[in-house]
Amino acid sequence: MSTVAIPTKPWAKSPQDRILGLTFLLAAIAFSYFFVAVTEMKGKLAYAFVFFVAYGVITSTHSFITRGPQAAKDSFVSTLVSLGAVVTVIPIASILFTVVQKGLPGLHLGILSNDMSMATPTDPIPTGGVLHAITGTLTLVVLALIMSVPIGILTALYLTEIKGRFAGPIRFLVQAMSGVPSIVAGLFILSAVLYPITKNYSALMGALALAVLMIPTIARTSEEVLLLIPNELREAGTALGGTQWRTVAMIVLPAARSGLMTAIILGIARIAGETAPLLLLTGGGDKVNPNPFSGSVGSLPYYIWKSFNAGSPEAITRAWAGLLILMILVLILFIAARALSNRKMSK
Amino acid sequence: MSNETLIPSPRTITTEPRRSDKVFRGIVTGGGLSSLVVLGLIAVFLAFRGFEVLREEGLGFITGADWSVTLDESANVVESNFGLSAMLVGTILCSIVAVVIAVPISVFSALYLNFYAPGWLKKILVAVIDMMAAFPSILFGIWGFLVLMPSVEYWGKIINRYLGWIPIFEVEPYFFSRSPFVAGVVLAIMIIPIITSVSREIFAQAPLDRIQAAFALGATRWAMIKAVVIPHGRSGVVGGAMLGLGRAMGETVAVYTVLNIVFQINWHILLGAGGNVASLIILKFGEAGEYEIKALMAAGLILFLLTLAVNAVANVIVKSTGKSGR
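Residue numbers (our numbering), protein chains in the order written: chain X, 1 to 347; chain W, 1 to 326.
So here's chain W without its partners, still in its complex pose (with noise of 0.2 Å):
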């Protein structure tokens, strides 16, 4: 009888994964590896084609508000003179009108979602907002100039006549139509579903041992909700505000519909002269020549660089609040 055949004979484990692993792992790094990919080469693109510009034009890029290029009869390029600062400060403007407006009533629709609604109402709500968030801007954009717009020209004037003497509700010359404010407005209905959601989501996450310490007490609703809901989810609701703010800062077809397109530095809100560079974009590609559509590019560039930083502070915002509970 042979017993040596019922001994396995001593081998190595390895914890080496095998070459159909390998290929596997390779290819799903590299899918995940795109996204760093597609970002990198956004900067890098954008930069390589309007860096002439930039070098050319300096630091009145960012602060010079005038935008013309003259062309001799052979469509060169005599005189060119870029500068975006009317264009950024639409773009504040625009984004601020919009988050000042969207925010509180935000909060307090999450409020009303989490700790007031029934049940069966809040099913609903929480769907036909979630489906505004994916409503495409142009639907805003017409929307906000053929059925909102006179109103919120309207209240544009109630606010000009009780609160006027505030330099920023200044109309001089009196005109009201399509004015950041109107843009401003439409941006806020937009970005209105997405703070929602993520301030719900925030207040969702409040403990509900402290919630229900709080209602044993004797709290009300509203005592709870201020000493409970409020610390937790205070810092969360910035970070939805942000994202809100970065969404509205990137908003081109809306923002070009409703609002009246002016190269001047204006700060008064309710006057109809504005800017976003987004809509400049759209504004100035149709009949740009090869020299302006560098401009072009780098404007696109700021834009890019500014959206990225808004929404990169507001996901860590988000994050650590989700994380930390408190």
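Isolated chain X, as found in the complex (with noise of 0.2 Å):
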């Protein structure tokens, strides 16, 4: 006779522990509503501290009383962590719930075919357009591309395929660049190139100093992405008798495209939403401007501000529906390089 063991879960939940830890949870919730009616404390806030605290005393309670100190405290900590992580995450919910709620009113059907150059701030919100917004941001992003992929492409084929002397400083001092604040690349454009040469807003101007900004995003991400590619592959493309330029440019680049794409992308998400330094440098008109190396010209993030400093209700509307349009932007962005990054990972 032999008796066959059963196979168990020890360290899963019983329905008994299911129960006792819904009962704490409706417990903690009882109590923050009472706790809230009888004193002067308000609004929702008032309930989720609370409710948190009481939780917690619950828990920690619970933990004492069958398993002693250690386990009070180690109770007490998951509810004040698992509180950090519900904080983080509030403004971000609070966030998009708002500027989706506020911006839809916005939006209307000629909102990205017509400009502002015939309406004021106090016209009705079918008037006008974002046009003029998107063409310019376009013309920012794409012109502060051309600048600042080379450069950062470069500096990150530096720093990994080359390795000089200098390799240790230029990681450093990219980092260092990438805490310049925006207003202060700005007031540099301003300083070094828009005063002595151009003296006249332009695109071309934003783009500089947005290129500044993107230049150090660019050359991280790069950076940390060619260092996953295998050392194999530059080896081969040695032994077959290629030149480090061509190993580079046949192999290694070709190898890390997706990655690439992903920093880029980063880098475009980096600067979309950029406002001081365009206040500095683009002046910021209301018509759509096809020149970029002349003339003042609109972008999303100048829009907004225009928009919310203009105070009437509908030139806030038009800011909140602005908002949207370039949250929705950086959104697809961020998702776009998120997928291209984990098909990476995948392969």
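Hints listed in this document are in silico derivations from the structure and should not be mistaken for laboratory results.
No experiment lies behind these values; they were computed from the predicted model shown.
A hint or two may mislead.
Think about it this way: if two alpha-carbon atoms lie no more than 25 Å apart in a straight line, the pair counts; the simulated PhoX-like pairs of lysine-lysine are [to be verified]:
id, chain 1, residue 1, chain 2, residue 2
1, W, K226, W, K319
2, W, K122, X, K9
3, X, K306, W, K226
4, X, K73, W, K319
Some chain W residues near chain X, calculated using beta-carbon distances under 7 Å [what the hints assert, rightly or not]:
id, residue
5, S20
6, F24
7, I281
8, L308
Reference listing, derived: stretches of chain W covered by chain X, where coverage requires no fewer than 3 residues with Cβ under 8 Å from a Cβ of chain X [as the list claims (entries may be wrong)]:
id, stretch
9, 34-41
10, 125-136
11, 174-185
12, 219-225
We put the CB at the ideal spot given by N, CA and C, even for glycine.
Dock chain one against chain two, each of which comes alone in its own frame, and use the hints as you go.
Here it is as structure tokens:
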């Protein structure tokens, strides 16, 4: 006669545990409700705060009774730590919700095909649109890309392929550069290019400042991507008789292609909503400006800024609609970057 | 039969790169040095433009609190006074409030993500928090002004009622709206994603063998974190906090939107008067004459040097933690 051991899962929660956990949750909710009703505290935040305190106290008391002081501390910290995560996520949820809620009334059929040259801040919503802002932002981003992508990727190549004498200092400087405030980048272009040379607002000026902000993002992300390329590939290239230049151009860069795209997209996401330098450099016109090298040009952030500061209810609604469009743009870029980098991982 | 042809003639081998490689290396090195060039140029040009004002004002540019220009009819500068101290105090105040609020929240959420969250939730939360780091600052500014500010003012009043006897929480006159505290809360929300992701990466490098050893000795999750993760990650968190501080100091649009900019040194964080060097530049730029622009350039130089120093220290700290492992 032999008994067969039945496999169990001692770590899984028993139904009893689940019921107990649920009871604690309900008790904490009920307590927070009564506490807020009795005292003079008010608002959703008070409910949330009292709920977390109550839940923490109840669970840690239970742990203290059943398992002692160490377990009590442990369950209290669990509550605290999840509170931290909740507090981190609440603003994101609130931002997404508010922008969608307030931005939707500002959208209308002609918003993508009209500009603001014929509309004043107090005009009803259906007049005017963001055509000038969208084209302006596109111009700025494309010009900034033309300047920053080669420099960013060359910097990353220097750090990973050449590994020269200056690799350490340059890695440090690129990180320092990513901390340059956007307004300082704007002032730099203002003092170095706009005042002495062009003396005129233009998309090119804005794009120069955006490129300064974009280079470190592209360089750092590309460096990480290039470091992931296995060294065997480089060795194989050299073994086949390739020079370093051929190896990098024909093997390393193609292998890193999707990662480099991610780097570029993250760079665009970094600058798409950048406002401060554009306020100094682009002039923020209300008309579509087809010439990127001269004349004031609008952009989405400038449009939002202008509408928000105009202050009339219609203008504020326009600002929210602009924010909604900008946010959708950033979300699309971000999801694209994620999708690309995930594909790279799974390969 | 001629044997000579089968014997290769002796030749020298060389590690000298070919001409194409030399060109390639030259171009890549040139590109790599660009960050050095750009940073250098920023400092040089801002110093060059701001030199006149810096020489005129001397140390008063940092210690003075007045910012005024008097012009005569033909727009010549009669009298000018440029002092940054009110704005510098405001910058430091707002960013310190932001860091004090953001660090505990970020550390807790980083701990939650690494050691408490189930796998699927962790994936979602990491994506959402990274996405938040990419949100434009104007979004935080307008959301902060229209949605967040009423609640934060209410919290400010509560703090003032119960902790008003502490000097920095004093409010006199009784005016709470658009205070450095509000700006600090908005900045905190902006830097929480940054500090969270730095701390998360540092915590994830905590040695797994020690974590497992702690559990094997019967430690609870908190006891394990206290004994292994926190000693490992402490200086990394400090570095992350300084990165956040650097970001908060240079923030322009969000602060300008929520803050009531007043040229007076104000250490009371709940009082509705403050400033920030970056928002000063935006505020004064529109109406500034040629001479005042130079003063703004000098202010930009000070801000640049300040953020550069904070970032440099932060990067050194984060990097050394990653390497040493403990």
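Going down the list of hints, with the structure as the test:
1. K226(W) <-> K319(W): 22 Å, holds
2. K122(W) <-> K9(X): 24 Å, holds
3. K306(X) <-> K226(W): 50 Å, violated
4. K73(X) <-> K319(W): 32 Å, violated
5. S20: 5 Å, holds
6. F24: 4 Å, holds
7. I281: This interface hint holds because 6 Å falls under the 7 Å limit.
8. L308: Result: holds, 6 Å to nearest chain X Cβ.
9. 34-41: With 6 residues in contact (Cβ-Cβ under 8 Å with chain X), the coverage given for the stretch 34-41 of chain W holds.
10. 125-136: holds (count 10)
11. 174-185: It is violated, with 0 qualifying residues against the three required.
12. 219-225: holds (count 5)
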